[in-house]
Amino acid sequence: MRSRRLQFHNPLTRMKLNRQLILLFIILVSPVFLLNWYANNQTEQILKRHVTNAYMELNKQNHLLINRDIDTVNRVMTTIIVNPVVQQLQAGRQDAMPDADDLYDRVKLYETADKLIPSYSMGTTGGDAIAYYLYVYDPEDLYSFAPHTSPRFRNGGVFFYTDATKPAWADEALALKGRGFLKIIDGVNTGRSQTLAYIRAVNSVYSGKLTVGVLVASNMDKRIEQSLDTVSLPDNGEMYLTDYGNTVLASTVESSMGRQLDLPPSLVNGTKGETTLDDIYKGYIYVQHADYEIKQKLVYRISTASLLQQQSELKRAIQWISIVYSLFAMIVMAYFWRSLLFPLQKLAGFVRGYEPGRKVPNTEAVNRNDEVGVLIHATYSLAQRLNVLIEDRYLMDIKQKEAQLQLLYQQINPHLLYNTLESIYWKSTLEGNSDSAEMIKELSKLMRISLSRGRELITVQEELEHATAYTRLQQKRYEYEFQVRWETDEEAQANLIPKISLQPLIENAIIHGVRNMGEDGVIVVRAFRRDDRVVVEVEDNGYKPVDHEALNRMLREPLPEIRSSGGYGVHNVHERIQLHFGPEYGIQYSSPPGGGTLVTIRLPVRPAHDEPLPSDAD
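In short: position in the sequence shown from 1, add 312, done, that's this note's numbering.
Among the clues, some could well be false.
Stated by the list, open to error - The calculated lysine to aspartate or glutamate pairs, modelled on EDC-like cross-linking and capped at a C-alpha distance of 20 Å, are:
| hint | residue 1 | residue 2 |
| --- | --- | --- |
| 1 | K607 | E586 |
| 2 | K420 | D453 |
| 3 | K607 | D383 |
| 4 | K788 | E819 |
| 5 | K372 | E703 |
| 6 | K534 | D383 |
| 7 | K584 | E550 |
| 8 | K607 | D453 |
| 9 | K594 | E550 |
| 10 | K811 | E869 |
| 11 | K478 | D453 |
| 12 | K607 | D381 |
| 13 | K372 | D709 |
| 14 | K584 | E605 |
| 15 | K495 | E484 |
| 16 | K495 | E369 |
| 17 | K495 | D483 |
Honestly, the hints are just simulated from the structure, not real lab data.
Given the sequences, and given the hints that come with them, work out the whole structure.
Right, here's the structure in full:
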């Protein structure tokens with residue numbers, strides 16, 4: 313019944329996805345057709361409005377760029393003004409100006425200033441450089457020897473004027489008290505009849521009542537036109553920089569400097585700060601940015617016919633965009649169906665019909681690197697892992713039963729071994745071979761305690777018995793070439809310790825310490841309680857030098873090559889102690905006062921209340 317119900321829901325789910333896909337296609341395509349209809353009805357107004365807004369912002373930024381160019385010239389003028397050579401040229405400053413009778417000093421000062429001023433000239437595109445001219449006020453005509461006009465001053469220089477020869481724009485510059493302004497003047501040795509100049513009065517830096525003269529930067533129209541050329545207007549649109557009287561100061565139109573510009577009446581001059589206005593007037597779109605502080609305006613004039621021509625091109629572009637977008641949307645929907653919906657539908661069918669243990673089919677989507685491939689891969693991998701877990705659980709149950717049977721066999725084998733060793737012991741005793749009988753008896757005790765009925769932790773007493781049996785076997789093996797002393801407290805013997813912990817330590821003490829020392833070799837085994845810990849020590853008086861720090865490092869920072877060396881057994885004991893009791897317990901090497909090696913085992917106080925002790929009867 314479940315399978316039939318799932319098959320009944322699949323077509324409905326597929327139909328629902330199809331409807332959603334069609335709805336998504338309509339949602340994607342509908343805005344394009346609405347935009348096409350709206351564009352055909354509103355393109356002209358929208359285009360004019362949007363283009364105007366764009367050019368208003370462009371005009372503002374362009375005007376800012378021009379002001380930066382002017383500000384650059386202004387900073388150069390400031391540098392020239394504060395130069396000590398220029399300041400010495402001021403009339404009436406007797407402490408700095410050469411004596412009126414010292415003609416040589418005046419000539420040298422003039423020569424220095426005349427070389428200084430042209431050095432600040434700046435090149436522009438087209439070869440016309442911004443040249444600086446310093447007009448020095450000389451009421452007493454002390455510099456009459458200086459030429460007033462000459463072709464060699466085309467790149468800047470120093471001139472002197474008196475009240476009679478004062479330029480027409482000098483009083484205007486002096487009235488502004490050091491603030492610069494743009495003005496169309498005669499060519500000032502530039503080779504042209506007129507030039508746009510930036511003019512600024514040169515005042516004394518020592519006294520505000522004294523005036524040095526007027527500083528002029530020529531060819532500013534070329535520099536401004538260079539900034540205007542960085543902007544591209546449609547259909548060769550025109551750009552004008554004018555003053556507040558609509559007189560053209562610089563323009564992209566040839567020979568327009570100095571003429572009046574006819575602007576729409578709505579483009580009134582601002583009375584404070586900056587204003588940006590626009591209007592459509594006599595077949596042109598005008599965009600104006602006015603700056604009241606410097607009394608300048610930047611005007612764009614664009615033909616509306618060029619915009620209407622762009623409107624038709626825009627309409628055709630929108631139509632083509634609509635067609636291409638519709639085709640693109642269809643392709644996207646087909647791709648979406650093939651790459652997303654179809655694999656997801658197959659995945660949904662697999663999830664609904666999957667049963668644990670059922671074979672997982674192969675799918676090409678597993679090789680995909682996108683999110684859908686990851687999802688499909690994760691789902692199929694999950695099903696495969698579930699099958700593997702079920703199979704592993706089945707095999708684990710079988711292996712568990714086999715392990716239980718094997719454990720029963722292993723429990724029989726020690727008893728058989730103990731009984732066999734006891735039989736050999738009694739037979740050797742009856743035959744009078746007492747040494748062999750004792751070794752067999754110690755071996756039997758050694759194996760019985762080592763097995764400990766499968767327990768990992770035994771009492772210190774049992775471990776001492778195990779160590780005693782091992783030591784006796786080794787003493788008989790080496791013909792009693794060393795002595796062993798046992799110093800143990802009963803209070804420590806009831807606590808737990810991992811089994812076979814002392815045997816590796818005693819073995820190392822024999823092999824690396826007291827062997828070959830004869831009766832002088834002594835091994836002392838101690839077990840006692842100290843505060844909240846149980847301490848077991850193995851000490852030997854071996855004569856060979858031992859690097860105890862290296863042994864401690866081997867225990868704390870084991871390496872693969874160390875594990876394969878002779879320290880494996882001791883390190884095994886150290887790790888087992890820490891696994892059972894924690895990292896604060898374990899083994900430590902040190903050097904006792906009399907020489908040799910002292911190995912200390914630190915254990916917690918943990919009595920074996922519930923631990924069953926092995927019986928000899930076993």
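(Q) Holds or violated: K607 and E586, Cα atoms, limit 20 Å. (A) Holds - the C-alpha atoms of E586 and K607 are around 10 Å apart, at most 20 Å.
Q: Given the hint that K495 pairs with E484, test it: the Cα-Cα distance must not exceed 20 Å.
A: At roughly 10 Å apart (the allowed maximum being 20 Å), E484 and K495 satisfy the hint.
Q. Within 20 Å, alpha carbon to alpha carbon, are K584 and E605?
A. holds (7 Å)
Q) Given the hint that K584 pairs with E550, does the C-alpha gap stay at or below 20 Å? A) Measuring from Cα to Cα gives roughly 26 Å; hence the hint is violated.
(Q) Just to be careful, I want the Cα atoms of K372 and D709 compared with a cutoff of 20 Å; is the pair within it? (A) Status violated; Cα separation ~84 Å.
**Q.** Proposed proximity, E869 with K811 (alpha carbon, max 20 Å)
**A.** violated (23 Å)
Q) Hey, K372 versus E703, does the alpha-carbon distance stay inside 20 Å? A) It is violated: about 77 Å lies between the C-alpha atoms, which goes past 20 Å.
Q: Verify the proposed pairing of K607 with D381, using a straight-line Cα cut of 20 Å.
A: Since the Cα atoms of K607 and D381 sit roughly 16 Å apart, the hinted pair holds (cutoff 20 Å).
Q) K420 and D453: Cα distance at most 20 Å? A) Between K420 and D453 the Cα gap is close to 16 Å, so the pair holds against 20 Å.
Q.
Tell me if the straight-line CA distance from K788 to E819 falls inside 20 Å.
A. Holds. K788 to E819 sits at ~14 Å (cutoff 20 Å).
Q) Within 20 Å, alpha carbon to alpha carbon, are K478 and D453? A) Distance ~12 Å between K478 and D453 Cα, so the pair holds.
Q: Compare the distance between the alpha carbons of K534 and D383 with 20 Å, and conclude whether the hinted pair is satisfied.
A: holds (15 Å)
The structure is inconsistent with the numbered hints 5, 7, 8, 10, 13 and 16, although it conforms to all the rest.
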